[in-house]
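Student: Could you slot chains B, C and D onto chain A? The hints should help.
If you want the building blocks of each chain, they are given just below.
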Amino acid sequence: MSLLTLQNVSRRFGALTALNNISLTVEPGELRAVIGPNGAGKTTLFNLISGFFPPSDGSIMFDGEPIMAVNPAILVKKGIIRTFQITEIFLDLTVYENIRVAVEVAMGISLRPWINAATRAKVNARVEELMEIVKISHKADRVAGEMSHGDQRVVEVGIALSRHPKLLLLDEPTAGMGDEETNHMTDLIRSLNKTQNITILFIEHDMNIVFGVADRITVLDNGTMLAEGTAKEIADNPRVQAAYLGQAA
Amino acid sequence: MSNQNNFRGEIGRRGLIKAGAALGAASLLYPPKPSWGASESPIKIGMVDSTTGNFAVLGQSTIKGAQFAAAEINKKGGVLGRPLQVLVEDDAGSPGTGVDKASRLLDQSQVDFFTGTTNSAVSLSISQYAAAHGKLFVCSGGHVDKLTGPACNWATFRTCSTTWIMTSGNSGTLVKEFGKKWYFLTTDYAFGHSEQDDYTKQVTALGGTIVGGALVPVGTPDFSSYLIQARAAKPDVLCLLLAGDDQINAMKQITQFGINKDIHIAGALFELEQIAALPQAAHYGSWSFEWYWDQPNVPHVHDFAKRYAATYGGQYPSARSWFGYASIHAIALAAEAAKSTDSVKVAKAMEGLVLPPEVALQASAPVYRPEDHQLMLGMFPGTVKPAGKYPDVIKVDAYIPGATIAQTPEQAGCKMVYPS
Amino acid sequence: MVILFNAFNGLIQGAFYALMAVGLSLILGLNGVINFAHGGFMAMAAYFAYTLIPYVGFWGALLIAPILAGAVGYVVEQLIVRRLYLRDPLYSLLATFGLALIIQDLLRTIWGAQGVPLTIPDFLNQPLSDVYFFITGYRLFVVALAIISTIGLFAILRFTRLGIRIRAGNSDLETIAAVGVNIYLLRSANFVLGIMFAGLAGILAAGQIGLTPTMGDELIMPSFVAIVVGGVGSLLGSLVGGLIIGVASGVTAAVYPAATEVIIYVIMGIMLVARPRGLFGQEGLLE
Amino acid sequence: MSSQATEIKHDAAPLQKPAFQQRYAFICLAVALLTVPVWLPLLGGYTDLASRVLIFALAAMGLNLLLGFTGGLSFGHAAYFGLGAYGTGLMLANYTHSTLLAVAVGTMIGGLAATLLGPIAVRRRGIYFSMITIAIGQMFYFIAVRWNSFTGGEDGLTGFSRQPIHMPGFTISLHTTSFYYLVLVCFAVGSWILWTILNSPLGHVFVAIRENQKRLTFLGIRVDVYIAVSFAISGFVVALAGSLDALLDNFTSPDNLKYTLSGNLLIICVLGGMRNFWGPLVGAFIFVLVQDYISSITQNWMTVIGLVFVLSVIFFPLGAMGFFRRRSRS
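Protein chains in written order, with our numbering: chain A, 1 to 249; chain B, 1 to 420; chain C, 1 to 287; chain D, 1 to 330.
In isolation and in its complexed conformation, chain A is listed as follows (with noise of 0.2 Å):
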């Protein structure tokens, strides 16, 4: 059974026709990019899958039940993870405190108004497998707004995986990141695929990464889908190549 389903999938907003009849699948343990030129509908497709708002028209299948006009805060809890195109992370703590809130949050224990050392300590472990993961241990204390823009990303992943998400929705995470800075977030991106077995949908504008890593390609265009297929499907679609590749390049 596929993880994700997307059936004649349209959002409108007004007269503006943001998607047009898409249809699309994921299977689970799929590395699958999204790409397109900027207005294609990328972010749109995310928050449509997030939750954020309800499509027009179409159906949305996840897990086999349809998630339509599913709120995120429920989405969130059947596995559906994501982060955002600006990095949505919480500033003024540290990272460390960054990871806790979200592993407080998944475990189920974020209306407690105190906390045993038993719990803190199962608390901690968590976070630090966590930090561990996506590879920022080492600056666990450090004050999430007085770092990169490269390692707030990071922490930004870290606090998506705290919820065991089954999909994760990257919004361009490698975007205005240095090349050393991108390399890190390709591995992550890899290893936890590969490793930590996640189902993950990532929009990406960098062709290198987008070839690189992912096991299938989405390609929109103006609200419409216009291909999908493995790295070399893509690469050689003529069709790509004219509205989008030929562009680029």
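Derived from the structure by calculation, the hints contain no laboratory data. Glycine included, C-beta positions come from ideal geometry on N, C-alpha and C. Hints may be right or wrong, so weigh each one.
Take a look, some chain D residues computed to stay more than 12 Å from chain C by CB distance [unchecked claim]:
| no. | residue |
| --- | --- |
| 1 | Thr171 |
| 2 | Thr176 |
| 3 | Ser262 |
Going by beta-carbon spacing under 10 Å, a handful of chain D positions derived as facing chain A [claimed, not checked]:
| no. | residue |
| --- | --- |
| 4 | Leu112 |
| 5 | Ser178 |
| 6 | Thr196 |
| 7 | Leu202 |
| 8 | His204 |
| 9 | Leu216 |
| 10 | Phe218 |
Take a look, some chain C residues computed to stay more than 10 Å from chain B by CB distance [said to hold, decoys possible]:
| no. | residue |
| --- | --- |
| 11 | Phe5 |
| 12 | Pro54 |
| 13 | Gly112 |
| 14 | Arg139 |
| 15 | Ile267 |
Tutor: Below, chains B, C and D without anything else, positioned relative to chain A:
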């Protein structure tokens, strides 16, 4: 006057328009100067009154009167050979602040006595505080009956009249001359309630009826809806029992609506300060004044008014000034008589104290009644001169000694108990 | 009859709230500041007028005093308010709260705590008829002015360059900044305009009630409520909001006097819960 | 900064200082507060003033849970302060001679009101949130002013006084000094509760709400529920302070419900530093002392207080504690 006590409450309007430009940080942080020589420790009177808020003008007049009295006393050698010092704190018209300031005066400055208060609610709270802390409190300006009635205590004396004395100063005349149907616009706190109760009793006893009334919250800017209802009730007398700025707001609107043309406007308390704030067209109505600077045949009064006006840049003493003035003198006289600054002893000495003519400044000699500690001051029922110019704005019709119109102590309902 | 009179009187009163609300609303909309000092500026302009009337007459003062208040407003905006635009609304709220204290205190220091009479032209100061005695020429004048200024301001906002920018700024400050409008200048101009309206309202109020340093205190809250009920950013909203609370408190005064003041806050509370953008406001503004 | 930061213990969120230094400062504070009746008169102060500082500090710390740590700008917390005060006053005046019971009831009334009304306010954010809180506060103010027979109206509520506390074996008189210690105990309990909460998962979420509501929503949290919880807790603490304030003066009045008091509580938080746990204590110390001192030496005290508002907002938005913290970091 010596200048040590006039650092506050000296806001003469004219003077300050002139001084306005020169006002800088210096005036904001004008520190209290030590008073008197270092040899004698002063007798301290803590004065809690309004220098800001709804009662600021009245409070400032009271403070000026008190400081004027203190200066007179100090010039003549003080009390018990010690200088008298008046320490002023602003209650901002709020009972809570008043109590805070009283506790500050007592704890920090160790005052010997309390005086002041314009807002009746503040008077009641200070009275309670003073009694609880064993200090004499001479209330200068809160009129509410129960202060020297059911809520009386050994520590509290009052210089200004009760609302009963004030209302009975003119209720008879008003009913006789203007009619039996009355409507009240009453300020919604202790003072107003007390006035309305008293008028109601007196007017009903004289065969009048109360055709309606409304309680108005303090600080109401617009009276139009109240006036519509008042006029609809078609009273003979529209009785204004408001305080502070509210009275001014109401009277301005009454004038604009022309209501004073067919309904007689009257009330008990109306102050010199308020008249000064009203446009000429709003100079009307019958009131029960508590003191007036122009009493042609009474000794000392004109002299006092002249000296006062000279001290305060042409400002004439109002009833409020006299309250402050008489209260300080009364404390000084009682302390001299008691040969002590112990509050209980001074309170005992103050019971039955008769104000001498140069302090009383009126045709009778008022006494602090021992049974309830209420000063038997006289009333000056009269009207506002329609064409009067400040300070000559009041036409006094009569002088009624307080003892003739006050409730008996039994009626007032005071049970005096001293601490054992 | 009394209820009807009160309802009608409430309309007049409401127009008055609306006039005060206009300036408040402008500043809230574009400057994003809840101006607690508005009442202070009202009283300030009224004192200016009181001082000017002997020299330039009532009408001259009505014209000049708001401009003087506006000038003070400009200084205040430059020195204080503009530093806070980029910060949490908490800061401008507290700054204007403190400013209100300072203005009130300075007014009292300069002109005295004692109220002063602000005289208005005699011909305005008369009831128009004996039955409808509460409709004086002056109050009608105030109502007319409230309507004219609302419409006039509406026209300014619709048809002049400044107005169009202010409106655009109300809905999206970043965008108009991006197209090269100097938003700081725009905000200054808007603030001054708002203060001038406060001044106008203050002078007119002082013609009807006593002129004291605390005059603005009790007037400011109802007009604040009028804005919220009518909808932030909408002038028509402020006018209608003013009328609604005017009538509501007028009728309540006749039916259940004890609730006269509470009623407008109840209305505001209900409105904020049920329709937070108010009657005519935009969704999500300032949120 | 970095050398300090490495010493930070993970579980000491609100105070970002080394633990030993924290403990040292805390002990100094505790000793200073415990010995107030001894040293304060030597400096020309008086004990009731210290009680007032602690009462306002407690109220501001309660408010600061919502304001500084959860990021909710309530301009109506005077309502809960006043309800606490009226609840306690009315209990003592009419129903009981037990001071502690009266305090408990006052705190419950104010706190429950915040619990019930918070959910209404938290439906909106930003300036609208502030406006709803003002509206609610003003409603209570006018009810207190108008409901004369019950509340004493404009005159305020009198006719009650704090009664000695009878314990098995001994009695606490609650005169000036012993009342100060009662206030101190309440302050200690209140700040311990707040501290515990801030170091719990719940408190972590509060701070996270202040930082980024969107992120939390997409972690699966209903943010408004948490703000309402913060509102309620803060209401209980503020009500406790209000209840003590009624006992301090044996009096309460509608002023304790008015928006001006809300403004004062806010400025206390800002003065001391909203982001700092002890900031409101410092702020209350400054504000109450300045107000007490200035209003006695000049008639123009309003200008001074007004300047305190304006200047601190412009130049010290982080407050005294924030100022020192920033300096010590750089």
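Student: Now tell me if each hint is right for this structure.
Tutor: Comparing the hints with the structure gives:
no., hint, result
1, Thr171, "43 Å, holds"
2, Thr176, "31 Å, holds"
3, Ser262, "10 Å, violated"
4, Leu112, "17 Å, violated"
5, Ser178, "31 Å, violated"
6, Thr196, "5 Å, holds"
7, Leu202, "5 Å, holds"
8, His204, "4 Å, holds"
9, Leu216, "7 Å, holds"
10, Phe218, "6 Å, holds"
11, Phe5, "5 Å, violated"
12, Pro54, "13 Å, holds"
13, Gly112, "4 Å, violated"
14, Arg139, "8 Å, violated"
15, Ile267, "17 Å, holds"
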